[in-house]
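Trainee: Residue strings, one per chain:
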Amino acid sequence: MVFLMLRMLPGDPARVIAGVLASEADVEMIRRQLGLDQPILTQYATFLGRLIHLDLGQSARTSQPVLNEVMARLPYTFELALVAITIAVVTGVIAGVVAATHHNSRLDYLVSAISLFGVSMPVYWLGLMLIVVFSITLKWFPAAGADQPISFVLPGFTLAGFVVGLITRMTRSSMLEVLRQDYVQTARAKGLSERVVVYVHALRNALLPVITVVGLQFGTLLGGAVLTETVFGWPGMGQLLVDSIFARDYPMVQGITLTFSTLFILVNLVVDLLYAYVDPRIHYG
Amino acid sequence: MHTSTPAYTMDESLSAPARRSTPRFWQLLSRHRASMLGLVVLAAWAALAAAAPLVTPYDPVHQKLGDALQNPSMAHPLGTDYLGRDILARIFYGARYSLAIGFLAVAFGALVGVPLGAISGYFGGWADLAIQRFIDILLSFPGFLLALSLVATLGVGLENVIISVGISSMPSFVRLVRASTLSIKQLTYIEAARAIGARSPVIIFRHVLPNALAPVIVQATLSLGSAILVAAGLGFLGLGVQPPTPEWGSMLGEGRNYIFSNPNMATFPGIAIFTAVLAFNLLGDGLRDALDPRLRMR
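Going down the list, the sequences are from chains A and B. With this note's numbering applied, the first sequence corresponds to residues -2 to 282, in that order. With this note's numbering applied, the second sequence corresponds to residues 64 to 361, in that order.
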């Protein structure tokens, strides 16, 4: 898409490079060098080829290839996102199931209220408050750094706060829907324990929309990573992005944004494939 | 929305159902206790923002270094920040900026997004294709990152924050209005309008959009909450409204540097953001139930 937009811009890049005085033959030669004489599909393939080789250009600030810097930071962000999404899915799904199985009880209202709080909270603020309570007052966890497993606790929970509310709400409504279905009645009627009915029969079917939300929320999580990493001085891509924006390092900003959206699209592809695993009714091809 | 005046008003019971639906809407909304709470909180914030000079004697940008980093006291109920400014005063004045940014950004997103969605849904064809691909491009930058990269391109400052947050709130309006338009244009009254020779712009603005507005109002309320969150996030990173303007997000960002010695500076602006966003979310949920039962979260 980005490629097409660039191609639709008016002007001939070969002529620009060759200069105003260049002869028609020179322009033609440069055009051939750049591959612009090739059909548009071939050009697209070349562009993709460069992207596959991850040729993202050089950082304006450090003159290092953008790719190297991004790759150095990516694992930190990825691990943090993984920790956060695990916390969020486990907490959110359990809370959602509990709320749904105790529909309209006080517990249900409590869970709904907490998840609404979670959705409304500026999570960078949650991070700061966690630092105040757990690092400064209680001295349980470090406030910054990423060098030991315990460093993951506070940023992990902070980042999880971004998405746990939505996962809870989605699980709850999806479970309520499924628990009304006939096959849940059947499972109950044949004498299965409530636990088996809820967790084996109902939950598996209720998870499909939840997986969609998790996939979409992964994007929110990446955005949240930028803020969370700033709060905790986490050496990930988000921090690098903010630093690069301040330094007006545009190739770097471009490279990181491209990496973020690629990750986002990849995760949603994985989510689509997961559907088929969770729901055998869905087939591809 | 329901402004149609019936030709006759002699008998209440004969007047058009549209007339009755406004009080009914209030009835439904006022029964929703959580959304009433949201409305009250928002009204309180709006009043405090408007009357800021009356409720606090302090100037939000005047520095008094001798009073820096004080704890809450009678003179300064929430303490002072690192430049000796009263935190409470800055929060009240900050409400002006944070709420205004939210409103203007969502207004921008809705004013651009709603017509785009209507055009996309009504005409279909290449217009639909072009608009949807454009929205796809916007959506491939997840959430906060879209606003962040727009600000990185446009530069920081009040207007650019409003534009960036506005653009990132736009896709949901386009999608929403497109979907409603697609179903509305199948209805007989649109066919009737076309049959009597109404032109497309007239049909879109007089007949399609008024009937597609209910979900837009809900979406706008919910978007206001997230717009305030996103704008405050930009301010927190130092990429939003620039100092010394008292904006909640940038106050929080400044507070971060003093988190070890003086957590007040970060705590209270955060509470302000949280209550405002929560209020919009509560109100949005209530509006959704009152305006359109079909949209109710199951």
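Simulated from the structure, these hints should not be mistaken for lab results. It is possible that part of the hints are untrue.
As the list claims (entries may be wrong) - Derived Cβ-Cβ restraints for the label pairs, each shown as a range:
| no. | chain 1 | residue 1 | chain 2 | residue 2 | range |
| --- | --- | --- | --- | --- | --- |
| 1 | A | Glu174 | B | Leu192 | 28 to 36 Å |
| 2 | B | Trp189 | A | Leu79 | 39 to 47 Å |
| 3 | A | Leu205 | B | Ala114 | 34 to 42 Å |
| 4 | B | Leu146 | A | Ser102 | 21 to 29 Å |
| 5 | A | Leu79 | B | Gln305 | 47 to 55 Å |
| 6 | A | Arg245 | B | Leu128 | 49 to 57 Å |
| 7 | B | Gly218 | A | Leu79 | 29 to 37 Å |
| 8 | B | Phe88 | A | Asn101 | 51 to 59 Å |
| 9 | B | Asp191 | A | Leu107 | 40 to 48 Å |
| 10 | A | Arg103 | B | Leu192 | 23 to 31 Å |
This one's a predicted model, so the numbers in the text were calculated from it and none came from an experiment. Note that the Cβ used here is the ideal one computed from N, Cα and C, for glycine as well.
Trainee: It remains to establish, for every hint, whether it holds in the given structure.
Mentor: Hints versus structure:
1. Glu174/A with Leu192/B: 28 to 36 Å: 34 Å, holds
2. Trp189/B with Leu79/A: 39 to 47 Å: At roughly 42 Å between Cβ atoms, Leu79/A and Trp189/B fall inside 39 to 47 Å, so the hint holds.
3. Leu205/A with Ala114/B: 34 to 42 Å: This hint is violated: roughly 50 Å between Cβ atoms.
4. Leu146/B with Ser102/A: 21 to 29 Å: 50 Å, violated
5. Leu79/A with Gln305/B: 47 to 55 Å: Since Leu79/A and Gln305/B have Cβ atoms about 35 Å apart, the given range 47 to 55 Å is violated.
6. Arg245/A with Leu128/B: 49 to 57 Å: About 32 Å separates the Cβ atoms of Arg245/A and Leu128/B, which means 49 to 57 Å is violated.
7. Gly218/B with Leu79/A: 29 to 37 Å: 34 Å, holds
8. Phe88/B with Asn101/A: 51 to 59 Å: 25 Å, violated
9. Asp191/B with Leu107/A: 40 to 48 Å: Between Asp191/B and Leu107/A, where Cβ atoms are some 45 Å apart, the hint holds.
10. Arg103/A with Leu192/B: 23 to 31 Å: 51 Å, violated
In this structure, the hints that do not hold are numbers 3, 4, 5, 6, 8 and 10, in rising order.
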